[in-house]
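As they're listed, the protein sequences go chains A and B.
Residue numbering for the first sequence follows the numbering used here, starting at 7 and increasing by one per position.
Residue numbering for the second sequence follows the numbering used here, starting at 7 and increasing by one per position.
By construction, these hints were calculated from the structure, which means they are not laboratory data.
Quick caveat: nothing in here was measured; it's all calculated off a predicted structure.
Mixed in with the good hints, there may be bad ones.
Because identical chains share one entry, a pair is satisfied inside a single copy or across any pair of copies.
[Unchecked claim] In silico EDC-like cross-links for lysine to aspartate or glutamate, where the CA-CA straight-line distance does not exceed 20 Å:
| no. | residue 1 | residue 2 |
| --- | --- | --- |
| 1 | K116 | D249 |
| 2 | K30 | E169 |
| 3 | K62 | E154 |
| 4 | K116 | D292 |
| 5 | K116 | E82 |
| 6 | K78 | E112 |
Number of protein chains: 2
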Amino acid sequence: MVKQEKSDNHFIVDCLQYANWSPKIFKEMRLGGVNCIHVTIAYHENFRETVLNLEKWNEHFNNYSDLIFHAKSFDEIRQAKKFDKTAIIFGFQNPSPIEDDIGLIEIWSKLGIKFMQLTYNNQSLLATGCYEKNDTGITRMGREVIGEMNRMGMVIDMSHSAEKSTLEAIEFSAMPISITHANPSFWHPALRNKSETVLKELSKSNGMIGFSLYPHHLKNGTDCKVTDFCKMIAKTAEKIGTDNIGIGSDLCQDQPDSVVEWMRNGRWAKTRDFGEGSSDSPGFPDQPSWFQSNKDFKNIIDGLDKIGFSKVEISNIMGKNWLNFFKTSFSSG
Amino acid sequence: MVKQEKSDNHFIVDCLQYANWSPKIFKEMRLGGVNCIHVTIAYHENFRETVLNLEKWNEHFNNYSDLIFHAKSFDEIRQAKKFDKTAIIFGFQNPSPIEDDIGLIEIWSKLGIKFMQLTYNNQSLLATGCYEKNDTGITRMGREVIGEMNRMGMVIDMSHSAEKSTLEAIEFSAMPISITHANPSFWHPALRNKSETVLKELSKSNGMIGFSLYPHHLKNGTDCKVTDFCKMIAKTAEKIGTDNIGIGSDLCQDQPDSVVEWMRNGRWAKTRDFGEGSSDSPGFPDQPSWFQSNKDFKNIIDGLDKIGFSKVEISNIMGKNWLNFFKTSFSSG
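Could you put the whole structure together from the sequences, leaning on the hints where they help?
Encoded structure:
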C-alpha cells in the first residue's frame, strides 16, 4: 500500500511508449498510476498509412473511454488526474508522415500530433540519424520544418538522431527540443545514447531528456539493476541539474518480434538490419524484472528515493518536468 | 446607405460557394455583410488530394486573418459578427475524400468538415446521383456512413442526389439533412432541382434547403429576375413554411471554364459530359445581373421585402434558419 500511495502522489508522465495496445495495457496504466503517455503513431508510415493508425486510436478512445483519453493540449493533460484516466499524447518517430509536404505539419497538428522526430536512425529529408556514417546536420527542408513545428507548437524530438544534427536542432529551434527516450553515453555507450555535449546544450536551452528503459539503452541490458539506473539519473543530474530530466521508457510491451524487425528495416532495406540487436538475438530484448509494464513505475520511484533524491526531485523527474515542458511547448499550437 | 444598413441587420449565411478564392472575394464578403459561408473543399478529390486543398485554406486563413476565419462549431460561427470576419465552414460535394474508409469521417470531422454530399450527379459508393437512370437508394456503405456522420455531427447534403436516395437519406438519418443548394422543380424542372415530395419530407424532418443562384437552376437562367426568384421563395414558403429555407447560392465567382468541365467530368469519363450545359455553351453561365458577387445579397433582401416578407421572415431566410440548423446539427461533433 505504501508503494501504491507513493506513485499516487506524483503526476507520472512517460514520454515514449509503443506497446501492442490492448485493454489489458490500458488497465495497467491506471493500476500503475500513470497519468500521461506519449505514444508513437508512426515509424515508417507515409501520410495515408499514418491516418489509418490514427483511426485505430479513435477506436481505442471510443472503446476504452473509461481508461484513456486523447489529450491535445496542456490543459487537457493536466486534467488527467481529475478525469481518473490516462492522457494519451501522439507523436511520430520519423518525419515520414509529412512526406515532402511542409503543409502537412499544420494538418497533423490539428489532428493532435505533439512530437515528431526529425530522423529515425537513417538520413531523412530533414536531418541525419544516429546510425549513418556521415552527418549532414539539419537540411534545407529541415530548417523550414523546424520553423513550422515551432509555429504549430509541435515538439522536435532527436532521440534517434546523430550528434551534429541534434546540436543544430537545438540551435535552430526557437523552442526547446526534446530527446524523449535515450540515456547518456557516459553510462552506456550505445550509438543511440547521447553525449555530454548534447545533454549540456539540451538542458541549457531548457530541452528535456526522457530516460529509457529499453534494454539496449541500459548498462548490462536486461540485467541492469534499478539502483544502477537510478545512479545513472543521479550522475546525469550532477552534470545538468534535475529540471530537464524525465522518463521516456520506450516500453514496447506485448509486441511480437516482427515489430522490432519492422522498426529497424521499414521498407528501406532488402538486406536485414539488426539495429541494436544481432543475428543471434534479432528480437525484442527482455525487459528488466523491475520494469515489465506500466505497473512498475513505483520501482523507479523507490529507487530514486533510496539513492537520496528528495520527494520534490522525484516528483519532478517522474512527471512535473515534462508537464512544465508541455506547458511551454504546446502553447503556440 | 439604407440598403447597406438592411443587410447589416441580418446574420447572412450562404450555405454553398465554390469561388476562385482571392483577397478580392474575401473583401467582397465583408462589403456584402456576409457572416458565414459554407465552402466546397472537394469535388472529385481523393483523401490525400483533399488534404492539399485544406492546406491551401490554411494559407488563406493565415494570410487573410483580418477578413475570414475557419469556424469548426456553432459557437465559433455565431461570433462572426463580433469578430467582424466571415466564418468559413467546410464541406465536400462528393464522398470521394472518404474513399472506401468509414474511419475517415472522424478524421475529417476533426479537421473541421461539417457537410458531405453522399453523391455528386453519379452513383457513388453511398447513393445515387441525379443524372443516373436507375436509383439504388442508399447503399450498404451509405447506411453505415449516415450513422457515422450523425455520430460526428457532420451534415448529410443531398443537393446532387436522385429522388429515392434523397428520400431514404431523410428517412435513415437520425439528424435532419440538408439540400444546401438547389431550387424546387415546380419552378424550374432541372434534373438538379427538387420535387415537392422531397421538399415536404425534408421540411417535415426539420431539414434545410438553400436556394441556388446558379443560372442553370433558375427559371430563365441568366435572365431570371430577382422578383421571380423571390416569388419562387414565397411559393415554396406557402408549401413548406419559412423555417426550413435559406440561401445556398452556388456562386462560382472568377472560376475559369476549365473548372466547370472538371466538376462535370472529374476523372470518371473519357467522353465529355456537359452536365447542365451543352456543347454549344460548355462553360460557366453568366450570373444574373443582380447576383454577381458577395456584395449582392442586399438585392435579395430588397426583393424579399418588396414581395411582402416580414423583416423577421427575411432575417430567418437570409441566415437565422441556417444558424438554428447548425446549432442542432453540429452539436454532436
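How the hints compare with the structure:
Within a single copy, K116 and D249 get their C-alpha atoms no closer than 29 Å, and across copies no closer than 35 Å, so neither meets the 20 Å cut-off. In this assembly of identical chains, the alpha carbons of K30 and E169 never lie at most 20 Å apart, being 38 Å within a copy and 49 Å across copies at closest. Within a single copy, K62 and E154 get their C-alpha atoms only as close as 27 Å, which misses the 20 Å cut-off; across copies the closest is 15 Å, which meets it. In the homo-oligomer, the alpha carbons of K116 and D292 never lie at most 20 Å apart, since the shortest distance is 37 Å inside one protomer and 39 Å across protomers.
Within a single copy, K116 and E82 get their C-alpha atoms as close as 15 Å, and across copies as close as 16 Å, so both meet the 20 Å cut-off. In this assembly of identical chains, K78 and E112 lie within 20 Å of each other by CA distance both inside one copy and across copies; the values are 14 Å within and 16 Å between.
In this structure, the earlier hints numbered 1, 2, 4 are contradicted, and the remaining ones agree with it.
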